[in-house]
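**Student:** What follows is the residue order along each chain.
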Amino acid sequence: GAVVSQHPSRVICKSGTSVKIECRSLDFQATTMFWYRQFPKQSLMLMATSNEGSKATYEQGVEKDKFLINHASLTLSTLTVTSAHPEDSSFYICSADGGRGYEQYFGPGTRLTVT
Amino acid sequence: AQKVTQAQTEISVVEKEDVTLDCVYETRDTTYYLFWYKQPPSGELVFLIRRNSFDEQNEISGRYSWNFQKSTSSFNFTITASQVVDSAVYFCALSGYNTDKLIFGTGTRLQVFP
Chain A
1 GAVVSQHPSR
11 VICKSGTSVK
21 IECRSLDFQA
31 TTMFWYRQFP
41 KQSLMLMATS
51 NEGSKATYEQ
61 GVEKDKFLIN
71 HASLTLSTLT
81 VTSAHPEDSS
91 FYICSADGGR
101 GYEQYFGPGT
111 RLTVT
Chain B
1 AQKVTQAQTE
11 ISVVEKEDVT
21 LDCVYETRDT
31 TYYLFWYKQP
41 PSGELVFLIR
51 RNSFDEQNEI
61 SGRYSWNFQK
71 STSSFNFTIT
81 ASQVVDSAVY
91 FCALSGYNTD
101 KLIFGTGTRL
111 QVFP
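Listed in order, the protein sequences are those of chains A and B.
So in this note's numbering, spot 60 of the first sequence is number 60, and the numbers just go up one at a time.
So in this note's numbering, spot 56 of the second sequence is number 56, and the numbers just go up one at a time.
Bear in mind the hints are in silico, worked out from the structure with no lab data behind them.
A hint or two may mislead.
In the SDA-like style, the derived pairs of lysine to any residue whose C-alpha atoms are separated by at most 20 Å in a straight line are [stated by the list, open to error]: (1) Lys3(B) <-> Gln83(B); (2) Lys3(B) <-> Ser43(A); (3) Lys101(B) <-> Lys20(A); (4) Lys55(A) <-> Lys3(B); (5) Lys20(A) <-> Lys41(A); (6) Lys38(B) <-> Phe39(A); (7) Lys101(B) <-> Tyr58(A); (8) Lys101(B) <-> Thr31(A); (9) Lys101(B) <-> Glu10(B).
Distance ranges between label pairs, derived from CB positions [what the hints assert, rightly or not]: (10) Asn58(B) <-> Thr17(A): 20 to 28 Å; (11) Phe54(B) <-> Lys14(A): 21 to 29 Å; (12) Ala81(B) <-> Gln60(A): 21 to 29 Å; (13) Gln29(A) <-> Lys16(B): 22 to 30 Å; (14) Gln42(A) <-> Arg63(B): 21 to 29 Å; (15) Gln42(A) <-> Gln57(B): 26 to 34 Å; (16) Phe54(B) <-> Thr113(A): 38 to 46 Å.
Think of the CB as a built atom: it goes at the ideal place given N, C-alpha and C, for glycine as much as any other residue.
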């Protein structure tokens, strides 16, 4: 149980375009999902907390207008990187709250490359 | 403020050696959770263990064991008789009692050579 999927697993886009990444909880409902970013050989940095039906809470230093997060249902959260630039190239990982307050189930990640 | 420190950036061992990965944390919460995750080259995080702050018993799971010491704010991870498949980046993480936010350490890259 507790499977989280991400789509796409890899995406290459041109500078200036927008990219949407989906995060789905496949066999459970998640009122809270999290988005992380990981640069090569670095740790995971929390970008934002996504709550179903409300606005996401962004961590300090993360641009809300650049990283649009939508959590429209209990099983789906999306992260849209708007007007992507090469410095946005990274590994984006989502996780979903399993409902017990201390468990997070991680997706397999999406590798974004902006050319 | 919460913080997780993994001082070992990279460790290399030869197969069958035992290896310990260190984790030191800082928190003002009296109740908190500690985690270890494995990230193989594929990138997907693999959950290894969760420990709550009230449970200081050491845990063993096969070749893996964890030593939680509140007195030194450490939660170290030992792999016994390491194998090549253990090669990965290992992250220690911390969350507070009333929050789902995970604070990750910088990770330790373990390379096990045959």
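**Student:** So which of the earlier hints does this model not fit?
**Tutor:** Of the numbered hints given earlier, those the structure breaks are 1, 3, 4, 5, 9, 10, 11, 12, 13, listed in rising order.
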